[in-house]
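With the hints as constraints, model all of the structure from the sequences given.
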Amino acid sequence: MSIISGRFLLFFILFFLLWHFLPGKSRPALLLAGSLLFYLSAGPFAFSLLLCVILWSYLGGHLLAKKKSRGTYLLFFAGLLLLLLALKIRNMATGAPLPVGASFYILTAAGYLTAVYRQKIEYEKGFLYYAPFVSFFPSLLSGPIGQADVLLPQLHRAVGTEAVPEEDLLYRGFYRFLWGMFIKLFVANRLAPAVGYIFDAAGYYSGLYHLFAAFLFSVQLYADFSAYSDMAIGLAMMLHIRLPENFRNPFLSVSLKELWTRWHISLNRWLADNLYIPLGGNRLGETRTVCNLLIVFFFSGLWHGEGVHFIVWGLYNALLMLIGMWTEPFRAAIRKKCGLDTKAWYRWVRRGIVFFLFSMAFIFFRADSVAGGLFMTRGILSIRPQELIGFYPQQLFDKSNASFLFSMGMIGVFFAVQYLRSREDLLFQKIRNTPRAAQILFSAVLVILLVFAACADLTTLNTQFIYSKF
Amino acid sequence: MRAEKKTIGKFIGFVAAVLLLALLGIAAVFTYVVCVPKDVFSPTYQSVIQDKYAALQRTEGPRLILLGGSSMAYGIDEAYLEELTGLPVVNMGLYGGLGDLFQSQLVRSDLHEGDIVLLGYEYNWIDAPSFSKLLVDTVMSGIDHHIDMYRVIPFRNLPEVIGYLPSYYAEKKEYAKHPGEDVHHTLFDADGRLLQARPASRITDYANQPEVHNPVSLEGAVLSPESIRYLKDFHAFAQKKKAQLFFTAPPFLAEAVEGDAAAFDLLPQLEEEQIGIPYISTPSDYLFPAEWMYDTVYHCNDEGAQIRTERLAEDLMNALNQ
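Each protein sequence line maps, in turn, to chains R and G.
Its first residue numbered 710, the first sequence is counted upward by one per residue in the numbering used here.
Its first residue numbered 96, the second sequence is counted upward by one per residue in the numbering used here.
It is possible that part of the hints are untrue.
As the list claims (entries may be wrong) - Listed below are the simulated DSSO-like cross-link pairs for lysine-lysine, each with C-alpha atoms no more than 30 Å apart in a straight line:
(1) G/Lys-327 with G/Lys-337
(2) G/Lys-327 with R/Lys-1139
(3) R/Lys-1108 with G/Lys-267
(4) G/Lys-336 with G/Lys-228
(5) G/Lys-272 with R/Lys-734
(6) G/Lys-335 with G/Lys-133
(7) R/Lys-1052 with R/Lys-1108
(8) G/Lys-327 with G/Lys-133
(9) R/Lys-777 with R/Lys-829
(10) R/Lys-776 with R/Lys-829
(11) R/Lys-829 with R/Lys-734
(12) R/Lys-1108 with G/Lys-268
(13) R/Lys-1046 with R/Lys-966
(14) G/Lys-228 with G/Lys-101
(15) R/Lys-797 with R/Lys-734
(16) R/Lys-966 with R/Lys-1052
(17) G/Lys-228 with G/Lys-133
(18) R/Lys-966 with R/Lys-1045
(19) R/Lys-797 with R/Lys-966
(20) G/Lys-268 with R/Lys-734
(21) G/Lys-268 with G/Lys-228
(22) G/Lys-133 with G/Lys-337
(23) G/Lys-100 with R/Lys-734
(24) R/Lys-1045 with R/Lys-1139
(25) R/Lys-1108 with G/Lys-335
(26) G/Lys-267 with G/Lys-228
(27) G/Lys-228 with R/Lys-1108
(28) G/Lys-133 with R/Lys-1139
(29) G/Lys-101 with R/Lys-1139
Bear in mind the hints are in silico, worked out from the structure with no lab data behind them.
Written out as structure tokens, the structure is:
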């Protein structure tokens, strides 16, 4: 079930009450039951797959604890990745969709095995702790990808009667959840049709529209994915569980290297811990570093989708990273010579360049083929000034100036709040310090807006998040 | 533990207050948009549903209630049918654009012991989402400020109403500036019965009249799960109320039949097997020539309405006497 649905909200309300009012020792079983019940609606195949992944990785951890064996680790770790590959191949061959969330919980389970093998954590003896760790329902469908060293200790603490309730965490979680829903409904969903018009009929539009679509898609994807992450993190907070952040204002990055530390943080951390570093990272010379980067981005592209264009997207990003890496000494020297690093305007120029390059790569992510991506890229690279004359983006927003301006306004609100959230404690405390009645009123107005937005167009309402397709 | 419960309790209280206030806010917005100002859509065709519903509520039973789209509005001589059956007639049929769901729900909300309901839906009831989707734009303009009529809308369709409110507000403002012809009060009486004289057919050359052209084929007809589910439930509800439900065929232009016309006569058996409501008419008896029709494939002229009324009364009396 979608986490933007009446059914899920009822489910969570009931779960929340049971979680907080039943004895602490029942929480692991309750969480497991709740997560499995949540996932039941994905169908018998998906449900069985989840159980298999849980059992396989639990057994793997158990065997690794008995004897730390590279062979055992590789068997169980590769087994999970091969399972993921098999699902991707099955999708390519038959069109059968990947079971929702499979890409995420398979990585969660595989990451656990690596953590046990590297002795970052003790293996989890208790099946009633391990199973809910893998199937943790707030993040099951689209992440953040679970980290065993972060989540397992919290599940153990949740059982203890000495757990001190953090009142602020409940409210943070509540506002976080509402904010995530707001971004999904008012930003991501508003941009999706406009993006679709151009990507689905690129031949009818000029290069300037292609560029506009690329930028819009980057924002749409950021909004959509961060919305889910915020909602998942918010739900977990209301259960007194802290999930890791998944986004940290990625478009404030001044380099692509920095961007990958701010975008889909849980996946990139997983790739670093489970692929890049085990392969040697950047410690084995330049040739190995290049190979390792290519492998990691290749895997990332494959993880995101089945088409070749996703792999092209991944390798395109790898190429950009390598070019950045090779040219950095030269560029740093110029910046130093011109004293640019201290100039605020130059940081914004760098952010603009990063956003442009990132968006250009995302063309291949959104296009339905490599040819489609190349077509749009060529269009962008051959933009002529006269294209500005016929540029009328309002036509993509119900042919309405009001709708267009509202959407742009919502993007502005989104970025403004995301920026303010870098000082989240301050923002949160400001809200919490207002009188309780004002908080209730503010929250009620937000809920009203969300209800209207959610109901607005039920025939085309997109309650599915983009990343739940991966 | 006590401290945790107190903290959680406070939080639950907070969320409950937020949700309650939000609910009140939505209700306030809904009430304002729907009720202020009143009667904006009163000239419209679909607003006649208010008069029909009022007639349903004030007519003493047992009643003969007719359900359908405009084929029922344009296809019945109510006074003549009352004469033939001896029952007070309430014709709830008005407009396919209101949707079979909403019109059926209106009848459901006021069903009493002894009532007879004749379901004469147009043929798209079979496979379209007629009984799951609310045609919210026409329903809301049809209901206008009569908030009590909203209670018949199924709970699961309420999000469609809420979602449409902003558009409805804009539509209301626009219509108030440029109201259309007063069809409501010129074509219908106070009970919602059609007064419009239709002496002749306007269908002179069906194949070359694009405004009339609307073929229907029932070859290989498959009843949609939504229709089956809803009508079964309606039937069970009527039985609990000790009312009777019968299916009848709408009048339809014979020329507009696509494919094998014999497929029409297979529908009663298909319906009775899958839904179970007695189908009292033979559809081919209601495939009319153009000279009995008016301006669409489903609308009768005066002569056609009289013939249809007679056949319907005969079908009903046969069914009741069995």
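How the hints compare with the structure:
1. G/Lys-327 with G/Lys-337: holds (15 Å)
2. G/Lys-327 with R/Lys-1139: violated (56 Å)
3. R/Lys-1108 with G/Lys-267: Measuring from Cα to Cα gives roughly 21 Å; hence the hint holds.
4. G/Lys-336 with G/Lys-228: Given that 30 Å is the threshold and the Cα spacing comes to 25 Å, the pair holds.
5. G/Lys-272 with R/Lys-734: violated (65 Å)
6. G/Lys-335 with G/Lys-133: violated (37 Å)
7. R/Lys-1052 with R/Lys-1108: The hint is violated at about 40 Å.
8. G/Lys-327 with G/Lys-133: Measuring from Cα to Cα gives roughly 37 Å; hence the hint is violated.
9. R/Lys-777 with R/Lys-829: Cα-Cα ~13 Å, so holds.
10. R/Lys-776 with R/Lys-829: Cα-Cα ~15 Å, so holds.
11. R/Lys-829 with R/Lys-734: holds (26 Å)
12. R/Lys-1108 with G/Lys-268: At roughly 20 Å apart (the allowed maximum being 30 Å), G/Lys-268 and R/Lys-1108 satisfy the hint.
13. R/Lys-1046 with R/Lys-966: holds (22 Å)
14. G/Lys-228 with G/Lys-101: violated (44 Å)
15. R/Lys-797 with R/Lys-734: violated (39 Å)
16. R/Lys-966 with R/Lys-1052: holds (20 Å)
17. G/Lys-228 with G/Lys-133: holds (26 Å)
18. R/Lys-966 with R/Lys-1045: This hinted pair holds, its Cα atoms lying about 19 Å apart.
19. R/Lys-797 with R/Lys-966: holds (28 Å)
20. G/Lys-268 with R/Lys-734: Between G/Lys-268 and R/Lys-734 the Cα gap is close to 59 Å, so the pair fails against 30 Å, i.e. violated.
21. G/Lys-268 with G/Lys-228: Holds - the C-alpha atoms of G/Lys-228 and G/Lys-268 are around 25 Å apart, at most 30 Å.
22. G/Lys-133 with G/Lys-337: violated (37 Å)
23. G/Lys-100 with R/Lys-734: holds (16 Å)
24. R/Lys-1045 with R/Lys-1139: violated (39 Å)
25. R/Lys-1108 with G/Lys-335: violated (51 Å)
26. G/Lys-267 with G/Lys-228: holds (22 Å)
27. G/Lys-228 with R/Lys-1108: holds (27 Å)
28. G/Lys-133 with R/Lys-1139: violated (43 Å)
29. G/Lys-101 with R/Lys-1139: holds (23 Å)
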